[in-house]
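*Asks:* Hey, can you piece these two chains together into the complex? The hints should help.
Quick note, the sequences are listed as chains L and D, same order. Taken in order, the first sequence gives residues 1073 to 1188; the numbers are from our numbering. Taken in order, the second sequence gives residues 115 to 225; the numbers are from our numbering.
Calculated from the structure, these hints are not laboratory results. As the structure is a prediction and not an experimental result, all values here were calculated from the model. Treat the hints with care, as some may be off.
Claimed, not checked - Each computed BS3-like pair below joins lysine-lysine, with the alpha-carbon atoms no more than 25 Å apart:
id : chain 1 : residue 1 : chain 2 : residue 2
1  : L       : LYS1129   : D       : LYS179
2  : D       : LYS217    : D       : LYS171
3  : L       : LYS1129   : L       : LYS1081
4  : D       : LYS179    : L       : LYS1081
5  : L       : LYS1143   : L       : LYS1129
6  : D       : LYS129    : D       : LYS179
What the hints assert, rightly or not - Calculated from the model, a selection of chain D residues having no Cβ within reach of chain L, i.e. all distances over 12 Å:
id : residue
7  : VAL127
8  : GLU134
9  : SER140
10 : GLN152
11 : SER169
12 : LYS171
13 : ASP176
14 : LYS179
15 : THR182
16 : LYS187
17 : SER222
18 : ILE224
For glycine and all other residues, C-beta sits at the position ideal for the given N, C-alpha and C.
Listed below are the residues making up each chain.
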Amino acid sequence: NAGVTQTPKFRVLKTGQSMTLLCAQDMNHEYMYWYRQDPGMGLRLIHYSVGEGTTAKGEVPDGYNVSRLKKQNFLLGLESAAPSQTSVYFCASSYSSDYASTDTQYFGPGTRLTVL
Amino acid sequence: AQRVTQPEKLLSVFKGAPVELKCNYSYSGSPELFWYVQYSRQRLQLLLRHISRESIKGFTADLNKGETSFHLKKPFAQEEDSAMYYCALSGQVTGNTPLVFGKGTRLSVIA
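Bound-form chain D, shown alone (with noise of 0.2 Å):
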């Protein structure tokens, strides 16, 4: 079975800290893993996916499939990062399986 684990429900920072959001999956094969973003008053929206390896707006996540792990982290917190944040996996290598998601981690900047 597939499954996506947020252990915070929220996450309170102070700007310019670093963040670190937490994300554990449960899949037997290889996954795909992402993380999607919801900022106050707009639609959800991919923020990164591993197999890009890419830096959006300064976050990074790698995968670490010995701890089952897919943590996005950023080294200095902005106002502008507060959103809801949802981990997401697909178990299937070919085709578009749907997603599951973690139940999401509510990021909180304080200036």
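So that you can see chain L by itself, here it is in the shape it has in the complex (with noise of 0.2 Å):
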């Protein structure tokens, strides 16, 4: 299994350019999370979903869409790019159990990007 892929692996875009960033996993896993890392502020979610055709906002939305038309797939698109969206992008997925507990998050390698 190759667990949680994401591509592309960096990308530079300028001001105003769009891009999509895509999500893969293999595990049939339910939920999909999409974070973003920056230095000093820790991970904070970007979009999360809950099954396929199903998006949430989290706590830094605004500039990002997302989509979930498969369920192993999670995209990340950026409309209109701005410096204050460069950043280390990580999705993440997890299993649906029927426990009442959360259960464990598996990551991607992360997507760098920087933007002009």
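*Replies:* Now the structure itself:
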């Protein structure tokens, strides 16, 4: 199993350009998440999905859109990139269990995005 | 509101010394607490969770509801423990509520 993969690994954009980050998981997980990691800020949740066809906003959703058309994929889009979106983006997924506990999140390797 | 505070950005200890990474949380209910670790050039991964009460790589963490803390401890630090450590909280008992992460503490173990 590849686990959680992210495409691309690196990207440089100019202000105003758009792009899509792809996250894929082969663990049949219901839940998927997008985080951004910034120095001194930790990980902050952008958007998440609790199943195919569903998405929800996280802590910092502005300037981003997401789609979950297939269970294994979770796309993060930047319609008009801004320098403030320069960050490392991490995708994660987790299983949906019937137990009253939160399951382990499995992370991808990250995408380093620079917006000039 | 859910909040996780890791007061130390950087913690440096000598090899063989005890290490304690502090984590305090704010949540009105019964939280689930986690420690995630990110080694250099590796992806973030779960280190331990309080409901398991496990010891992973010599690390332990006890949930103290009175002090709202979940400090990570290891009696003898090793060089390979150098990494970024994140404390995280899930505030809902059922389902997979997204985690709230602290800002992280970088542990540096000096030989």
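*Asks:* If a hint holds in the structure, say so; if it does not, say that too.
*Replies:* Cross-check of the supplied hints:
Between the alpha carbons of LYS1129 of chain L and LYS179 of chain D the distance comes to roughly 29 Å, so the proposed pair goes past 25 Å and is violated. Straight-line distance between C-alpha atoms of LYS217 of chain D and LYS171 of chain D comes to about 22 Å, which keeps the hinted pair within the 25 Å bound. With a C-alpha separation of about 24 Å, the suggested pair LYS1129 of chain L and LYS1081 of chain L falls inside the 25 Å cut-off, and the hint holds. The suggested pairing of LYS179 of chain D with LYS1081 of chain L is violated, with an alpha-carbon distance near 40 Å, which exceeds 25 Å.
Proposed proximity of LYS1143 of chain L and LYS1129 of chain L is supported: the alpha carbons are some 18 Å apart, at most 25 Å. Straight-line distance between C-alpha atoms of LYS129 of chain D and LYS179 of chain D comes to about 31 Å, which puts the hinted pair past the 25 Å bound. The Cβ of VAL127 of chain D sits about 21 Å from the closest Cβ of chain L, beyond the 12 Å cut-off, so the non-interface label holds. Non-interface status of GLU134 of chain D relative to chain L is upheld: no Cβ of that chain comes within 12 Å, the nearest being about 19 Å off.
Every C-beta of chain L lies more than 12 Å from that of SER140 of chain D, the closest at about 15 Å, which supports listing it as non-interface. Chain L draws GLN152 of chain D into its interface by the beta-carbon criterion, the shortest separation being 9 Å against a cut-off of 12 Å. With a closest Cβ-Cβ approach of about 17 Å to chain L, SER169 of chain D is found to remain outside the 12 Å limit, as its non-interface label requires. No beta-carbon of chain L comes within 12 Å of the beta-carbon of LYS171 of chain D; the shortest separation is about 16 Å.
Here ASP176 of chain D stays apart from chain L, with its beta-carbon at least about 18 Å from theirs, past the 12 Å limit. Separation of LYS179 of chain D from chain L is adequate, the least Cβ-Cβ distance of about 17 Å exceeding the 12 Å criterion. With a least CB separation of 18 Å from chain L, THR182 of chain D remains clear of the 12 Å interface cut-off, as annotated. A cut-off of 12 Å between C-beta atoms confirms that LYS187 of chain D is not in contact with chain L; the least separation is 21 Å.
No beta-carbon of chain L is positioned within 12 Å of the beta-carbon of SER222 of chain D; the least distance is around 16 Å. Every beta carbon of chain L lies more than 12 Å from that of ILE224 of chain D, the smallest distance being close to 22 Å; the non-interface claim holds.
Checked against the numbered hints above, the structure violates hints 1, 4, 6, 10; every other hint is satisfied.
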